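Chains as they are written, first to last, in the numbering used here: chain V, -16 to 207; chain G, 3 to 334.
The hints are simulated quantities; they were obtained by calculation from the structure and are not laboratory data. Treat the numbers as computed from the prediction; the structure is a model and nothing was measured. Warning: the hint list may mix true and false statements.
Said to hold, decoys possible - SDA-like, lysine to any residue: derived pairs with alpha carbons at most 25 Å apart: (1) V:Lys(-4) <-> G:Gln223; (2) G:Lys273 <-> V:Lys(-4); (3) V:Lys118 <-> G:Arg78; (4) V:Lys120 <-> V:Ile106.
What the hints assert, rightly or not - Partial selection, computed: residues in chain V whose CB lies under 8 Å from chain G: (5) Val66; (6) Asp81; (7) Thr88; (8) Phe94.
We treat Cβ as the ideally placed atom computed from N, Cα and C, and that holds for glycine.
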Amino acid sequence: MINVKQLEIGYNKGKHPVSVFSNMNMSLNAGDLVGLMGDNGIGKSTFIKTLMGNLTPLSGEITLNNKSITQYSAQELAQQLSVVITEKVGGFNLSVWDVVATGRTPYINIFGKLSDTDEQTVITALEQLNLLPLKDKLIDELSDGQRQKVMIAKSLAQQTPVIVLDEPTAFLDHRSRHHLFSVLKQLCTEQGKLIIVSSHDLELMKTYINRSVTMAEGNRLEVL
Amino acid sequence: MTKQRFILTIGYLTLLIAALITCDLCFGSVNLFSLDHSDPLFQTILYDIRLPKTLTSVIAGSGLALCGVLMQSLFRNPLAGPYVLGVSSGASLFVAIATMLISSVNISGFYFMGKSIVTLFSIGGAFFVTLIILMVSKKNKNNVTLLLVGLMLGQILGALQGLIEFVSSADNLKTFILWGMGSVGSTTMEDVWFMLPVYLAAVIAAFFLVRSLNAILLNEQYAQNLGVNVNRLRVTIIIITALLVGVITAFCGPIAFVGISVPIASRLFFKTSHHLHQLVFCLLLGACVVLTADVICQLVSNQLMLPINTVTTIIGSPVVIWLLFKSKLSVG
Chain V
-16 MINVKQLEIG YNKGKHPVSV FSNMNMSLNA GDLVGLMGDN GIGKSTFIKT LMGNLTPLSG
44 EITLNNKSIT QYSAQELAQQ LSVVITEKVG GFNLSVWDVV ATGRTPYINI FGKLSDTDEQ
104 TVITALEQLN LLPLKDKLID ELSDGQRQKV MIAKSLAQQT PVIVLDEPTA FLDHRSRHHL
164 FSVLKQLCTE QGKLIIVSSH DLELMKTYIN RSVTMAEGNR LEVL
Chain G
3 MTKQRFILTI GYLTLLIAAL ITCDLCFGSV NLFSLDHSDP LFQTILYDIR LPKTLTSVIA
63 GSGLALCGVL MQSLFRNPLA GPYVLGVSSG ASLFVAIATM LISSVNISGF YFMGKSIVTL
123 FSIGGAFFVT LIILMVSKKN KNNVTLLLVG LMLGQILGAL QGLIEFVSSA DNLKTFILWG
183 MGSVGSTTME DVWFMLPVYL AAVIAAFFLV RSLNAILLNE QYAQNLGVNV NRLRVTIIII
243 TALLVGVITA FCGPIAFVGI SVPIASRLFF KTSHHLHQLV FCLLLGACVV LTADVICQLV
303 SNQLMLPINT VTTIIGSPVV IWLLFKSKLS VG
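Kindly generate the complete structure, drawing on both the sequences and the hints.
Dropping the structure here:
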């Protein structure tokens, strides 16, 4: 599903490219729950941003279903890959429903009107994460764990075969972490989604993931 | 918000606007009911003085409120607005420069050329400041920093405008001061026809952004991952805002309060974050606010035209503060 070949990731600072990590090779398949591990600053978030299409690879390529991600239009990529990032979402009267409904953005018309099918997809996403009773609540009234689940529900409503989560357990307590990972595991096994999760919680990762990608100093990449 | 409630709310607000338009046309220094309909004075007062003023109120109120929604969503900052972030000040400074140029080359007799130059300068000023604010927001995402930069920019531009006023002639100085207080009463029907195409184009363009605006409320990265071309959205919002603020400021002066407060009030009243609802409600509510302010101006004094800024701020601000304390809703 996702193939990474001779990838070099980094930023373009002015005219000079700054390499963060290079020589990355891996192949990830549908149904995998992949743990992305490594020390702070090693390049996990840069890799995720490159996967999302926010950063262009310095060299090499990432293919998604045998097509380079740089060849996808923004809307096409949005129908293939969804993300849950660390930055908190809130304010502006955003309700749980509003946030999850944004997952339908790649499929709806410019006026933001949800069709009956779109609404049913949002309801299903909410049900899968037991969020339906909270649908009218403001996002600001939720706990960090509930907020994280809302963002995952947004990804489910986006109906993408690939979901990428950057440090999803950062603000969660022990119980919520396990609940979150069991939900992710269930999505991989039952719906065949490819889920890539970055986290520092090695114990949690070992319990749930079936694939691991470890980034280490000296551009050493271990893919198991 | 359900479809029925959305339509019902539009209905109520439209009725309110109709009532306010009627009041605005009726109130004034001359009692229209005492005149015969065929009297030329009746025709002049109604069609040449009051109708342009009323239409300008609708355009200015709804236009500035629309700019407020767009800016608050783009910056994800409920304190953003054309006046607070210095966009109106940019337009004002450039209008002052244009007015000086026009008076020095003496083309004031040519209506279209004179108005075009002033309007283009005003749009240019608004565009310039919006661009600076956008660059600052890209460098520093802190809401308070953005607000402070906007306030400082407003101060700098205000000081530069003061400098122009200081060296200008007595006639120009009087024009600047009166215009700077904000007024919807000095426009003619020609001015309204001048503003209308720009206003309509900007409003229509804004409705094409609804889906992207909904997504960008999460944040830019999420919006991008949802297929939104964030750069194109930014540029479109800058153009719409610069056009509307530029045109409105050129004809009415810098109008405070409406751009920032109407979107906040709309979120508190109507409890929605969907931009299709927000845009419609802010257009209607913005028109209501400026029409109400204009009616109050007439009621307070029949002989003296009060500055619209004074009324919008004195009446509107406490209402929003009261709403904020009363409501548990989050506005941003």
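Okay, the hints, checked on the actual structure:
no. : hint                   : result
1   : V:Lys(-4) <-> G:Gln223 : 19 Å, holds
2   : G:Lys273 <-> V:Lys(-4) : 43 Å, violated
3   : V:Lys118 <-> G:Arg78   : 22 Å, holds
4   : V:Lys120 <-> V:Ile106  : 14 Å, holds
5   : Val66                  : 5 Å, holds
6   : Asp81                  : 5 Å, holds
7   : Thr88                  : 4 Å, holds
8   : Phe94                  : 5 Å, holds
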